[in-house]
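Novice: Residue numbers (my numbering), protein chains in the order written: chain H, 1 to 164; chain W, 1001 to 1164.
Calculated from the structure, these hints are not laboratory results. All C-beta atoms in this analysis are idealised placements derived from N, C-alpha and C, irrespective of residue type, glycine included. Be aware that one or more of the hints could be misleading.
[As the list claims (entries may be wrong)] To spell it out: a stretch of chain H is covered by chain W in this simulated footprint if at least three of its residues, at any positions, have a beta carbon under 8 Å from a beta carbon of chain W; those stretches are:
1. 17 to 28
2. 59 to 69
3. 73 to 87
4. 92 to 101
5. 120 to 131
Number of protein chains: 2
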Amino acid sequence: MEGTNMIARTTFSAEPGTHEVSLSRIFDAPRELVFGALTDAEAVPQWWGPRALITAVDRLEAKHAGGWRIVQHDAEGNEYAFRGVFHEVSAPERIIRTFEWEGMPGHVALETFAFEAIGEQTRLTWSSVFQTVQDRDGYLMAGAESGATESWERLAEHLASTGR
Amino acid sequence: MEGTNMIARTTFSAEPGTHEVSLSRIFDAPRELVFGALTDAEAVPQWWGPRALITAVDRLEAKHAGGWRIVQHDAEGNEYAFRGVFHEVSAPERIIRTFEWEGMPGHVALETFAFEAIGEQTRLTWSSVFQTVQDRDGYLMAGAESGATESWERLAEHLASTGR
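Throw the hints in and build the complete structure from the sequences for me.
Specialist: Listed below in C-alpha cells is the structure:
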C-alpha cells in the first residue's frame, strides 16, 4: 500500500438507548473519488460488505427517487439481498437513502453519508437511524461494527488501487 | 358527524433524548379507506396539514422508489413544500417513506405508517425517526404535536364524509 497510510482511523459510535449507529473515517483520496465509490455500480462490488462474500449490484440509480439493490452470495450458495431508495444524491457532499435487509422486510433504516474534504483527503461520516431502538440493537448484535469496519477497510484499499 | 365518534383518541409520543416521534389513533373506517386517504393524490389535499393552509399534491407515486411532493400556501402567499421517496407501499398494511421540508434541505426523517384492522375500525400508527435528536427536538418545537393532531382530526372528518 505504498503512498497510503493504512492506519485504522475508523470511529464507530452507538450510544445506548438510541436509534442511531455512526461511523467516521478519513480516506486518502479526494471526495469526488470517495463519493464515486458509493454511487458507481462497478465500484461497489469491489469493497461493499465482507471479503468472504461475492457482491453484485442489481440496481443502483443514484438520484432522488432512484432505487438500489445489492445481492451477496457466500461459498455455500446462500443469498443475502439488501435494497433501498435514494432520497438525496448531492455530489460530492451528501447521500441520503433508505436501507433494508430483505430477510427482515419492513425493518428499514435511514442512512446519511457526509463527505468532507480535508485537503486531498476525505472524511466520510455515515449515520444510520433505525425505526426502533430494538432494531438498532439487533443490528449491533448481528456484527454491525466489525462488518462496517471491514467494508471501509476494503474501501480504503479500493481507493488506493484506483488512485494509482 | 352523525354516525361517527369524534372523541379524540390520538396518542402522541416523543421520549426525551431519542430520535423518534409517534402518533396513534383509531379511525372509524376500514383500513383500505384509511390507507387510500394517504396514497390517493385527490384525497391528501382534503386533510393533510393545517386547516389554515391550501394544500396541493405535486407528485405522489405510491410505490417502491416513487417520489412524493406536497406544496402548501397560506393567505399571504407563502409557500411550504415537502418531499420524499416511498421505500415501501404495502396496501393496506404499511407505508415507509422519507420526509423532508424543503426549507431545511438535508434534514430528512424516515416515516412508518402501520394500519391495523380493529373490526370495522382502523388503528393508524405513525412513527418518524430523525437523523439526530436535535432535528427531532426542532420538529417538536415547531409545533409537531398540534400540527399532526390537527391533520388527523381532519383525516377523521374526511373519512366520515367519504364513508357516507
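Novice: Identify every previously stated hint that the structure contradicts and give their numbers, smallest first.
Specialist: Going through the list in order, the structure violates no hint and respects every one.
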